[in-house]
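Chemist: Chain residues, written in single-letter form:
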Amino acid sequence: MIKIIKYVIADILRNKIVIAYTAFLLAIGMSVFNLEDNTTKGLLSLLNIVLIVVPLVCIIFSTIYVYNSAEFIELLVSQPLQRKHIWLSLFSGIALALVLAFFIGIGLPVLLYSFTPTGFILVVVGLLLTVIFVAIALLAAVNTRDKAKGIGIAVLLWLYFSLLFDGLILFILFQFADYPLENLMLVLSALNPVDMGRILILLKMDISALMGYTGAIFQNFFGTTTGMIATILVMMLWMVLPVFFSLRIFKRKDL
Amino acid sequence: MKPVFLCIGFLLSVYCTPISAVTLHVEKGHSIYSIQQAVNMAKNGDTILVAPGNYKEKNITINKPIVLLGNNYPVIDGEHTYQLISVRADGVIIKGFKLIHSGTSSLIDIAGIKVYDVKNITIENNILEDTFFGIYLQGATHCTIKNNRLTAYAKTDQQSANGIHCWKCDSLSIIGNTVTGHRDGIYFEFVTNSLIWKNRSIKNSRYGLHFMFSHNDAYIANIFQNNSAGVSVMFTHGVSMLNNVFEDNWGDGCYGIFLKEITDSHISGNTFLRNTTAIFFEGATRILVEKNTFIKNGWAVKIQANSIQNTIKNNNFLANSFDIATNGSLVENTFNKNYWDKYEGYDLNKDGVGDVPYHPVSMFSMIVAENPTAMILFRSFMATLFDKTEKILPSLTPENLVDKLPLMKPLRL
Amino acid sequence: MIIATNVTKKFGRLTVLNNVSVNCNKGECIALIGPNGSGKTTLVKSILGMVVPDSGFITFNGLNILHNWEYRRHIGYMPQIGRYPENMTIGHLFTMMKDIRKAEQQGPLDEELLHAFGLPAMMEKRMRTLSGGTTQRVSAALAFLFNPDVLILDEPTAGLDPVASEILKEKIINEKQKGKLIMITSHILSELDDLVTQVIYMQDGNLLFHKSMAHLQKDTGETKLSKAIASVMRNQ
Numbered sequence: 001m002i003k004i005i006k007y008v009i010a011d012i013l014r015n016k017i018v019i020a021y022t023a024f025l026l027a028i029g030m031s032v033f034n035l036e037d038n039t040t041k042g043l044l045s046l047l048n049i050v051l052i053v054v055p056l057v058c059i060i061f062s063t064i065y066v067y068n069s070a071e072f073i074e075l076l077v078s079q080p081l082q083r084k085h086i087w088l089s090l091f092s093g094i095a096l097a098l099v100l101a102f103f104i105g106i107g108l109p110v111l112l113y114s115f116t117p118t119g120f121i122l123v124v125v126g127l128l129l130t131v132i133f134v135a136i137a138l139l140a141a142v143n144t145r146d147k148a149k150g151i152g153i154a155v156l157l158w159l160y161f162s163l164l165f166d167g168l169i170l171f172i173l174f175q176f177a178d179y180p181l182e183n184l185m186l187v188l189s190a191l192n193p194v195d196m197g198r199i200l201i202l203l204k205m206d207i208s209a210l211m212g213y214t215g216a217i218f219q220n221f222f223g224t225t226t227g228m229i230a231t232i233l234v235m236m237l238w239m240v241l242p243v244f245f246s247l248r249i250f251k252r253k254d255l
Numbered sequence: 001m002k003p004v005f006l007c008i009g010f011l012l013s014v015y016c017t018p019i020s021a022v023t024l025h026v027e028k029g030h031s032i033y034s035i036q037q038a039v040n041m042a043k044n045g046d047t048i049l050v051a052p053g054n055y056k057e058k059n060i061t062i063n064k065p066i067v068l069l070g071n072n073y074p075v076i077d078g079e080h081t082y083q084l085i086s087v088r089a090d091g092v093i094i095k096g097f098k099l100i101h102s103g104t105s106s107l108i109d110i111a112g113i114k115v116y117d118v119k120n121i122t123i124e125n126n127i128l129e130d131t132f133f134g135i136y137l138q139g140a141t142h143c144t145i146k147n148n149r150l151t152a153y154a155k156t157d158q159q160s161a162n163g164i165h166c167w168k169c170d171s172l173s174i175i176g177n178t179v180t181g182h183r184d185g186i187y188f189e190f191v192t193n194s195l196i197w198k199n200r201s202i203k204n205s206r207y208g209l210h211f212m213f214s215h216n217d218a219y220i221a222n223i224f225q226n227n228s229a230g231v232s233v234m235f236t237h238g239v240s241m242l243n244n245v246f247e248d249n250w251g252d253g254c255y256g257i258f259l260k261e262i263t264d265s266h267i268s269g270n271t272f273l274r275n276t277t278a279i280f281f282e283g284a285t286r287i288l289v290e291k292n293t294f295i296k297n298g299w300a301v302k303i304q305a306n307s308i309q310n311t312i313k314n315n316n317f318l319a320n321s322f323d324i325a326t327n328g329s330l331v332e333n334t335f336n337k338n339y340w341d342k343y344e345g346y347d348l349n350k351d352g353v354g355d356v357p358y359h360p361v362s363m364f365s366m367i368v369a370e371n372p373t374a375m376i377l378f379r380s381f382m383a384t385l386f387d388k389t390e391k392i393l394p395s396l397t398p399e400n401l402v403d404k405l406p407l408m409k410p411l412r413l
Numbered sequence: 001m002i003i004a005t006n007v008t009k010k011f012g013r014l015t016v017l018n019n020v021s022v023n024c025n026k027g028e029c030i031a032l033i034g035p036n037g038s039g040k041t042t043l044v045k046s047i048l049g050m051v052v053p054d055s056g057f058i059t060f061n062g063l064n065i066l067h068n069w070e071y072r073r074h075i076g077y078m079p080q081i082g083r084y085p086e087n088m089t090i091g092h093l094f095t096m097m098k099d100i101r102k103a104e105q106q107g108p109l110d111e112e113l114l115h116a117f118g119l120p121a122m123m124e125k126r127m128r129t130l131s132g133g134t135t136q137r138v139s140a141a142l143a144f145l146f147n148p149d150v151l152i153l154d155e156p157t158a159g160l161d162p163v164a165s166e167i168l169k170e171k172i173i174n175e176k177q178k179g180k181l182i183m184i185t186s187h188i189l190s191e192l193d194d195l196v197t198q199v200i201y202m203q204d205g206n207l208l209f210h211k212s213m214a215h216l217q218k219d220t221g222e223t224k225l226s227k228a229i230a231s232v233m234r235n236q
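Protein chains in written order, with this note's numbering: chain A, 1 to 255; chain B, 1 to 413; chain C, 1 to 236.
None of these hints come from the bench; they were simulated from the model. Just so it is clear, the structure is predicted and the values come from calculations on it, not from any experiment. Incorrect hints may have been included.
To be verified - Within a straight-line C-alpha distance of at most 25 Å, the following computed DMTMM-like cross-link-like pairs (lysine to aspartate or glutamate) qualify:
1. B:Lys337 x A:Glu36
2. B:Lys43 x B:Asp109
3. A:Lys147 x C:Glu86
4. C:Lys178 x C:Asp193
What the hints assert, rightly or not - So these bits of chain A aren't anywhere near chain B, every CB distance computed over 10 Å:
5. Lys16
6. Arg145
7. Met228
From the three backbone atoms N, C-alpha and C, an ideal C-beta is built for every residue, glycine too.
So here's chain A without its partners, still in its complex pose (with noise of 0.2 Å):
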């Protein structure tokens, strides 16, 4: 498994999209800290990289990279190799190089700049959303068989993970205003990957703001050990399942 890990790896890195992103997400990295003399500041850029641009990035290359393998995939069938070993081989490989895209991009400038347990938590997220976002992908490729519909699904995926939810959400709110929905919206946070990973920064970034009556809930929740743990889990989850449903359609996929 591992050779096919290497192998998609060095024909990510050929590529060179992953490197312009690299580029990209380092230049972005660098100058917000570079250009802004408050490092506060810088973070609260690179949140809207990390919630925005990386998911983004991230479930539309993973879409494309798998259609545009499936000749390497054909080719892999084809030999004497479990089918789940070529699939989380692929996933491994593009989530690791997207990994480690990000961890150089943004992971180091933050480290170097702001290693305050804001900076820190935003990288955390970033990576887990970089992850989650490849699986997410992988689940929306496998599904379908023509390369613009697939494209087309991880897009709107995209949109209803960074902009639709939220506003069903704030629908929900006003719609049942008079209702004590506090509760809910924990529940609900869980079910959109990005929302938990900015609550999560929320806690560090505007834990002044968030102490007042409904954030206190948030921390009450998010702040202890067990909110951590659970929170953490969650989205270990929304790596998980997305790539095992992938790999269950795919070990019954014709080729």
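Use these hints to put chains B and C onto chain A, whose structure you have.
Modeler: Structure of chains B and C alone, referenced to chain A:
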């Protein structure tokens, strides 16, 4: 400044007592073994020097102008039952004692040291531990409370009372005290012309400073930290709040400063760090807020629509979650020449002032004001889009809440 | 060696394999013949596990191939249209394939075709730059490289020039003589005359017949495979 001069004059008068005064020594196992005994024996102007030891006196009452000095912090223990010292004469000085375990009561105000309707009292360098009220002044004038350390350990509001409690007083100087674990750190009600300077009020269960109907007072260079409701200033005019630090006052209904029905006051040079709300204006009028620094607060300023003619200028707003929030669309306050780190305008003529006005109220802060739970969506892509749209097409945020001269660089304060 | 039993496969509403059963044994050289879209390639891919049948099962040396993968080490497969990672060079491709199959590989590699096709001279070329014929040569060389017991060749000569075609044919004959099972699909029937011992004829997903060459010649009275098949089709 006036209270400071008064206080210095008062100190001089105390030290220049007649030479005829004698010193009485109190020590366990000696002829004078209790403080009350010494007080009873002393004449006006005498000094009582108390040797180290544990004195269980049942409420020492001082009814003549004497000096009470503790040598190396003798302990006066109230055995959880009694008040420790009652001062009922002018010109009394109490220094260097450790006062512990006063009684507690919900009917009468039991204190470590209680001062009744007298003047020119000095209470200095004492340690108060586990007292109900700490130092309690009622109807006192020209008193100095200096460098005392007050610590209480009560778990609930009912069991605890205020650290330095002043009621109907005038011309007090409260200087360099540290108050922890009380209900309100420093409590002022009907106290006028007084100074609160260089005190530290930390981890009190209600307000760090509680201030009502107390006109023409100044509090300067104090530190208010981690109090569960911050600082509250109410129904007062003519307060100067200068160079204080308000830090880590977290929680709903918890403010760096809560201003209610305040008029003609001055807030300058203060630092507000990591408070849920740094300053909350409710019915506040003609207040000048200048040269303050607001860092990492949830809301730097919340201003209710019933607050008018306030001026907020030359402040630094840095890394706050929200800079300004308000509950109405009509805002009759002036915002000028502040530095806002969220400002994204430009300065073509290089005069240091941005060419585009800054609207410090974000759309999302209006949403959160309406529905606090929406805070869960803070900094989401959608919230960002809302704010950007609102910047281009203002609809919900108050149009006249605007800084027309936003600064390009933070002020050096 | 390979036994397919009642294999059915549908793509949507289209039935591509309808209850197909075949039995292929060592030393045979089987021609899989039928018009376009008759299900030849699907059958081959089912044997390779690339297509999973809806019903029925396939065994390889007595073992069901479903969820099994190790049997593929005994198979060399040359696809109809070889599709390879575009950014890889031929050299990389061979290195990778050797690397992947290294663990299972016993005995020496069979690089005869590799050299016969002149591939070592263009190891640096990327796969996307190759012509169809060169790609076919690569496919063929890969199929024979690991000296497998079974060779499955899907339209092996399509796109190859006559010289290469001849080299490949020689190679197939050689391997047949070593007692390997060889399965060839093709619709250029004249190519197969010298090779074939068995014929499987498919149409619209159905297996019409599976006969030995001798049997077929006797039934139709034709010696040439193409003529024999034509006669079968006429008689239907």
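Chemist: Would you mind marking each hint as holding or not holding in the structure?
Modeler: Hints, one by one, checked against the model:
| no. | hint | in the structure |
| --- | --- | --- |
| 1 | B:Lys337 x A:Glu36 | holds (21 Å) |
| 2 | B:Lys43 x B:Asp109 | violated (29 Å) |
| 3 | A:Lys147 x C:Glu86 | holds (17 Å) |
| 4 | C:Lys178 x C:Asp193 | holds (19 Å) |
| 5 | Lys16 | holds (28 Å) |
| 6 | Arg145 | holds (31 Å) |
| 7 | Met228 | holds (17 Å) |
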